[in-house]
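The listed protein sequences correspond, in order, to chains A, B, C and D.
With full-length UniProt numbering applied, the first sequence corresponds to residues 1 to 430, in that order.
With full-length UniProt numbering applied, the second sequence corresponds to residues 1 to 430, in that order.
With full-length UniProt numbering applied, the third sequence corresponds to residues 1 to 430, in that order.
With full-length UniProt numbering applied, the fourth sequence corresponds to residues 1 to 430, in that order.
It is possible that some hints are incorrect.
If chains are identical, the list can't say which one is meant, so a pair holds when it fits in one copy or spans any two.
No more than 30 Å apart at the CA atoms, straight line, and that leaves these computed lysine-lysine pairs for DSS-like [what the hints assert, rightly or not]: (1) K46 x K194; (2) K106 x K32; (3) K142 x K414; (4) K248 x K32; (5) K115 x K276; (6) K423 x K106; (7) K423 x K142; (8) K194 x K276; (9) K276 x K248; (10) K208 x K276; (11) K208 x K113.
FYI, nobody ran anything at the bench for these hints, they're computed from the structure.
Just so you know, these numbers come straight off a predicted model, no measurement behind them.
There are 4 protein chains.
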Amino acid sequence: MSDFRIAADIVAADNDRRAAALDADYRALGEKLARGGVDIGAITDKVSEFFVAVPSWGVGTGGTRFARFPGQGEPRHIFDKLDDCGVIQQLTRATPTVSLHIPWDKADPKELKAKAETLGLGFDAMNSNTFSDGADQAHSYKFGSLSHVDAATRAQAVEHNIECIELGAALGSKALTVWVGDGSNFPGQTNFTKSFERYLAAMAEIYKALPEDWRLFSEHKMYEPAFYSTVVQDWGTNFLIAQTLGPKAQCLVDLGHHAPNTNIEMIVARLIQFGKLGGFHFNDSKYGDDDLDAGSIEPYRLFLVFNELVDAEYRGVTGFHPAHMIDQSHNVTDPIESLISSANEIRRAYAQALLVDRAALAGYQDGNDALMATETLKRAYRTDVEPILAEARRRAGGAIDPVATYRVSGYRAKVSAERPAVKGGSGGIV
Amino acid sequence: MSDFRIAADIVAADNDRRAAALDADYRALGEKLARGGVDIGAITDKVSEFFVAVPSWGVGTGGTRFARFPGQGEPRHIFDKLDDCGVIQQLTRATPTVSLHIPWDKADPKELKAKAETLGLGFDAMNSNTFSDGADQAHSYKFGSLSHVDAATRAQAVEHNIECIELGAALGSKALTVWVGDGSNFPGQTNFTKSFERYLAAMAEIYKALPEDWRLFSEHKMYEPAFYSTVVQDWGTNFLIAQTLGPKAQCLVDLGHHAPNTNIEMIVARLIQFGKLGGFHFNDSKYGDDDLDAGSIEPYRLFLVFNELVDAEYRGVTGFHPAHMIDQSHNVTDPIESLISSANEIRRAYAQALLVDRAALAGYQDGNDALMATETLKRAYRTDVEPILAEARRRAGGAIDPVATYRVSGYRAKVSAERPAVKGGSGGIV
Amino acid sequence: MSDFRIAADIVAADNDRRAAALDADYRALGEKLARGGVDIGAITDKVSEFFVAVPSWGVGTGGTRFARFPGQGEPRHIFDKLDDCGVIQQLTRATPTVSLHIPWDKADPKELKAKAETLGLGFDAMNSNTFSDGADQAHSYKFGSLSHVDAATRAQAVEHNIECIELGAALGSKALTVWVGDGSNFPGQTNFTKSFERYLAAMAEIYKALPEDWRLFSEHKMYEPAFYSTVVQDWGTNFLIAQTLGPKAQCLVDLGHHAPNTNIEMIVARLIQFGKLGGFHFNDSKYGDDDLDAGSIEPYRLFLVFNELVDAEYRGVTGFHPAHMIDQSHNVTDPIESLISSANEIRRAYAQALLVDRAALAGYQDGNDALMATETLKRAYRTDVEPILAEARRRAGGAIDPVATYRVSGYRAKVSAERPAVKGGSGGIV
Amino acid sequence: MSDFRIAADIVAADNDRRAAALDADYRALGEKLARGGVDIGAITDKVSEFFVAVPSWGVGTGGTRFARFPGQGEPRHIFDKLDDCGVIQQLTRATPTVSLHIPWDKADPKELKAKAETLGLGFDAMNSNTFSDGADQAHSYKFGSLSHVDAATRAQAVEHNIECIELGAALGSKALTVWVGDGSNFPGQTNFTKSFERYLAAMAEIYKALPEDWRLFSEHKMYEPAFYSTVVQDWGTNFLIAQTLGPKAQCLVDLGHHAPNTNIEMIVARLIQFGKLGGFHFNDSKYGDDDLDAGSIEPYRLFLVFNELVDAEYRGVTGFHPAHMIDQSHNVTDPIESLISSANEIRRAYAQALLVDRAALAGYQDGNDALMATETLKRAYRTDVEPILAEARRRAGGAIDPVATYRVSGYRAKVSAERPAVKGGSGGIV
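Produce the complete structure using the sequences and hints provided.
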């Protein structure tokens with residue numbers, strides 16, 4: 001296996017060029033925050049300890065049902081993917097773990113652990129796949145998986161999820177994320193109640209196979225690939241699942257899986273209140289499950305989600321430790337650059353949320369002073385916290401401007417020399 | 001008090017003119033259904049026993065924030081409204097009960113009962129109002145009611161709801177519907193968690209005041225009058241309320257209170273499955289809470305909702321007895337005509353759902369035969385069941401064509417002579 | 001080439017079994033319509049002359065970005081596809097033409113014409129593809145085609161469209177449909193104005209290559225595959241294109257390409273009024289471009305679209321001759337069955353629209369009698385016109401119940417014996 | 001008439017307290033921008049010359065169809081409203097003009113001009129009202145105004161618009177904004193084509209009455225108060241209007257009048273490209289026409305709109321001079337505070353858009369470097385430009401922190417002493 005890591009001196013050299021400007025900006029911001037009674041050092045420390053997992057499937061170029069247009073140096077397998085994830089972590093210091101997707105990332109756990117350790121990486125939640133058929137699969141998921149009318153198909157899907165747990169346990173993962181596309185395209189195609197009963201029974205079997213210290217995340221989604229109904233269609237159904245299964249079961253919130261106009265931050269608040277927020281799949285969207293880069297379309301919405309998370313920390317909610325994961329499809333950018341940028345955007349929203357004056361906010365809320373309450377959020381949000389993010393990266397050994405450093409490093413060209421070119425796929429599906 | 005009831009001979013005369021055509025259509029439909037093994041008489045009987053409550057506020061002309069354009073003979077008070085409701089019931093025989101809205105309909109319960117009995121009417125669920133301020137109200141609901149930050153305001157709202165229960169108990173009602181507009185217009189204006197805690201605590205007090213055989217319906221709504229967040233924003237939150245309060249608490253589903261593209265029939269199925277479907281506010285909508293006439297925009301959606309209700313009956317779900325109520329705003333029609341028509345549309349959807357061949361449907365579902373499953377629904381849906389509806393009305397003493405009979409009767413002109421004209425309101429609100 | 005046509009005696013035998021019931025239903029409906037002054041024979045004649053084109057890509061099983069689950073006997077190439085289209089036409093007599101998609105359906109035009117003639121088929125609008133990359137393509141469409149920043153890429157896309165015209169001319173087609181996925185996934189990725197200028201210039205070159213009696217249809221779509229902006233995003237932009245290009249350019253309306261809650265029938269009316277309605281891609285949708293079977297989700301919406309078309313006929317709009325085409329993705333059904341069913345649904349909406357009493361409707365509209373106006377539409381809509389559709393099919397030599405006859409015929413099993421099985425595709429794209 | 005202007009020394013005193021912090025922040029930002037080659041002084045100058053009109057109806061507390069909860073010191077008439085507008089301008093120096101709404105603001109033009117001059121105010125576009133009925137109105141707008149089936153009603157609406165032009169001409173206004181709520185609540189209620197023909201004919205009469213140097217703005221809106229169809233429902237129809245009428249007719253874009261998920265900035269670009277962007281009604285929305293404060297829900301969207309405006313300036317588009325107007329409903333805040341804050345948010349988006357490095361952006365666009373293109377926008381957007389906005393206000397004689405100064409001034413209490421309290425309205429409309 002080649003080692004494609006970016007040489008430390010490349011990072012150092014690029015940082016050197018940017019150090020003076022960062023110092024000036026960090027100092028100016030520090031003085032401004034100090035005037036408001038905020039210690040920039042404390043914020044920087046908190047940001048340094050905030051991490052988000054990278055999805056293994058995110059480092060390859062994504063696509064739509066119409067086509068996929070691969071880039072150069074596409075990763076061939078999980079070991080290539082881990083190399084790419086290693087670079088993201090090296091430059092951002094915000095992404096020390098990787099989320100695997102089985103069966104695509106199936107490999108000898110010892111080799112996986114060894115490779116990850118070389119790169120300074122660990123493993124986050126495992127992801128099963130029962131939304132497409134594998135080459136040698138006995139039962140097709142065309143008409144569903146965990147909710148399928150056929151018991152053998154459901155058993156196969158349960159078995160696959162248990163296999164994911166076992167591999168994850170060998171890797172040090174502590175959670176399984178279950179997303180199924182089960183649903184229907186026609187009114188009447190499925191019986192809503194019976195489908196959900198079958199889903200719950202199958203999930204109960206998976207739940208039984210969970211190690212003591214694991215969590216089970218169920219993920220809801222309004223539609224796609226099913227276009228009339230989806231078994232786990234919204235957070236209401238997702239909550240019923242987590243409640244029915246037990247304390248280790250919690251809900252995963254993907255920011256792009258909601259109906260138009262939905263107030264997502266409110267769903268986050270409700271799940272926190274009832275002890276069922278498991279974590280996030282971060283991304284952004286304008287229309288549906290667009291899987292765009294986090295914060296690229298509605299950055300204020302991302303901030304408002306983090307405002308709830310920081311508020312829960314502030315209130316000391318017991319048992320509150322949501323998993324932070326990215327889930328994006330990078331169709332027109334270098335996936336490594338998008339993941340670097342997205343990890344930064346997520347930290348940015350966190351840093352801005354940390355700047356909210358929560359005592360003042362509570363006062364305005366209690367006084368029904370809507371204008372000053374919202375202005376309190378806006379003041380935090382419009383603070384340009386980039387110096388804090390850059391400083392946190394620099395202190396941890398990362399890059400001040402990680403995308404720029406990545407480009408300077410020539411990483412993509414280097415891996416392209418080793419990884420064969422892939423032809424564009426004509427989806428053939430319209 | 002005048003008696004404006006339509007003379008029986010007017011109904012009889014209009015029915016006579018239509019009897020031959022109805023006989024022919026009923027016979028032809030009966031023969032066609034018999035070929036499929038369905039007894040038209042049994043369906044007609046079931047339809048005859050299906051009722052939906054009329055909202056007292058529905059017989060006056062509605063409006064928007066921009067304007068209200070009253071019609072002729074607007075009801076002046078609850079007794080005028082009961083007269084109008086009496087006519088609807090007289091002609092449709094589908095609406096034997098009225099839902100009151102307090103404080104607008106507040107009156108001596110004895111007088112209310114007496115008037116209703118004269119008209120052959122009873123009382124359905126009571127509706128409280130804490131979304132606008134009364135003239136002599138101590139605390140304003142500008143910033144909320146049951147979830148208000150101020151304890152005295154919450155207490156006032158609780159008190160009002162208890163008063164509604166008491167009046168309802170005197171009238172023979174068995175349920176209280178609580179809809180609040182509480183929410184916020186700005187991010188940060190309210191704390192989602194604290195607001196909901198306050199709401200739940202206030203509702204618990206109302207719950208305690210419920211008579212043994214009453215139910216408490218909470219109603220969710222995505223937005224309006226609050227435009228950023230709403231305390232009871234969706235069925236997920238609504239379920240949490242009903243579960244937290246106890247067995248007498250159930251969820252009310254208004255067909256226009258959901259996010260765009262929402263699969264409402266699936267929400268209905270989930271609430272049935274978890275024992276929390278309290279009932280409906282029927283209407284139709286294209287954009288938001290448009291409060292249009294039931295079945296006027298998406299009649300197939302109304303059918304799909306009834307498909308779930310009839311399926312629950314068919315499966316013999318225990319404790320299943322949802323309340324059927326209309327909640328509409330009639331801005332451009334004679335409200336009596338819209339309510340007659342809507343009651344018929346709701347019965348139509350019920351009749352069509354009764355025609356679904358459920359054994360065949362289950363077979364197609366078990367065989368993943370999506371095309372024939374959906375065709376099974378469509379076959380029932382496209383049956384023109386108007387002869388069944390008309391026959392059910394005729395047999396019960398109503399009108400074969402109730403809107404036509406209503407027009408012939410001259411009712412609107414008669415009440416207009418007694419009820420003074422109302423000038424159009426310039427909302428002044430843009 | 002095999003001949004898989006269904007034997008005439010199979011159709012005849014199945015029709016025989018159903019003749020008596022159809023006769024009875026047709027007679028009963030005829031009597032009912034006659035009472036309202038409508039001649040069922042005239043309606044049946046009009047329905048018999050209404051046709052809709054089948055898309056060549058529709059006879060193969062479709063999929064999503066997550067997976068594709070092929071069925072048995074998937075067509076291997078355009079000649080297999082034509083066989084399948086032939087069966088649809090044989091049984092429905094509603095689909096005498098096929099719409100080709102290039103490059104997938106590229107073949108010797110003489111062979112195509114000969115095969116089509118054997119099957120009694122002709123060719124409707126040609127469809128170009130510049131949303132995915134072909135194997136031997138010089139310039140990638142990853143970042144656009146007709147609006148690409150690079151002139152050579154645009155020229156290649158123009159050239160491809162001209163090639164489609166040339167092939168179509170040889171086949172007797174009279175129109176080219178251009179849909180491009182060009183757009184962006186990030187704010188700032190493209191300059192809206194420059195992109196549209198490039199698109200217009202490229203389309204002008206294609207327009208110049210049109211034969212005298214051809215039309216050019218541009219198709220708008222809100223989003224997908226681009227998730228932030230799309231060059232031809234709505235009917236407003238589509239109208240600007242058609243107006244800029246000239247009289248042979250018109251707009252194509254796909255029922256699934258609009259924003260949530262859009263009033264599509266109104267867009268149809270506007271395009272008719274301004275002489276720019278080119279035609280339709282019929283399908284149905286609940287969320288986005290779901291490409292579900294026509295009339296399967298909102299049948300009343302389909303009726304309302306046809307209400308506009310029949311109204312334009314009724315008013316004698318000059319130059320009004322929209323193209324009727326289906327564009328669907330059949331993921332969970334036998335595509336042949338879905339296309340048979342969809343062609344029937346489209347004819348159903350047409351037949352129902354023909355039943356609207358337009359003189360009465362105009363009277364209600366002029367009198368602001370909203371209730372009776374909408375009831376006039378509803379009366380036509382709720383007429384079960386299946387006997388008319390079946391009779392039209394029977395008279396033209398088709399099947400009374402075409403899906404049933406298709407199943408009896410064993411067509412799918414027969415082609416499956418010849419066409420090799422295809423393995424399910426794991427999209428690999430999340 | 002009282003003079004409620006805020007004493008200059010109050011402003012000066014509050015500015016003094018904030019001067020040192022502003023100086024420091026302005027200096028630090030200037031240094032940072034200078035590093036990127038941007039002159040903060042030039043940006044400050046441009047911001048100082050950017051103005052937005054205040055709507056007269058915005059200084060009163062708004063409401064919904066459910067209720068209206070007035071605040072203290074509600075303005076009684078246009079002269080009170082002008083006082084309030086004067087304060088907004090005095091503190092922000094961003095709102096030197098007022099947009100009047102007739103008939104509410106009808107008064108002797110000489111008195112209006114005199115009062116405005118005292119306050120340093122001028123008059124922006126006139127707004128007509130044909131969506132509600134006045135007390136002494138001959139023909140009701142219940143079923144429409146400019147598109148009404150009745151010629152006399154249309155003539156009355158035309159006459160009213162001409163009266164608005166005449167009053168505006170006397171006041172120095174240069175534009176008329178026409179928004180009508182005409183539409184329908186039921187399929188079939190109106191004929192789409194005939195309605196639009198009547199609308200166009202009526203607008204043509206208004207157009208003829210325009211003075212030479214005036215513009216006519218038509219405003220589209222998806223829905224409300226009509227809930228099935230609206231005559232001017234989207235920008236496509238709006239464009240057809242402007243094109244049909246002539247060069248003085250242009251389209252007005254209200255940010256809350258679009259379908260869910262619509263890319264509004266793209267519509268802005270299209271209207272600029274085709275010479276038909278008349279101007280804006282700024283506000284923000286999450287669900288429908290929520291009329292929330294500009295920038296309060298999706299501030300990045302507001303920035304992206306301004307990105308198009310600044311880009312048009314940058315490209316030197318001929319005849320480009322859109323009108324900037326606010327149109328909001330302030331239901332839970334002091335309207336003066338919301339308008340101060342909104343004017344600032346609008347200037348903020350303009351200032352951020354000015355910071356976009358357009359040469360770099362064009363380079364990234366030409367190179368299909370989506371990541372850096374969007375990052376170029378984001379860099380400008382995340383700059384905290386508050387010091388520029390504050391400095392622009394200070395230099396022009398306004399307040400560094402205008403909301404704070406307003407609160408210190410005691411203005412609301414002073415006017416409340418003179419203006420009688422208004423009772424909360426129970427809408428009575430559900």
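Quick rundown of the hints versus the structure:
no. : hint        : verdict
1   : K46 x K194  : between (47 Å within a copy, 26 Å between copies)
2   : K106 x K32  : neither (50 Å within a copy, 49 Å between copies)
3   : K142 x K414 : between (40 Å within a copy, 22 Å between copies)
4   : K248 x K32  : neither (44 Å within a copy, 49 Å between copies)
5   : K115 x K276 : neither (34 Å within a copy, 51 Å between copies)
6   : K423 x K106 : both (24 Å within a copy, 21 Å between copies)
7   : K423 x K142 : both (27 Å within a copy, 12 Å between copies)
8   : K194 x K276 : both (24 Å within a copy, 17 Å between copies)
9   : K276 x K248 : both (9 Å within a copy, 25 Å between copies)
10  : K208 x K276 : both (18 Å within a copy, 28 Å between copies)
11  : K208 x K113 : within (26 Å within a copy, 58 Å between copies)
Checked against the numbered hints above, the structure violates hints 2, 4, 5; every other hint is satisfied.
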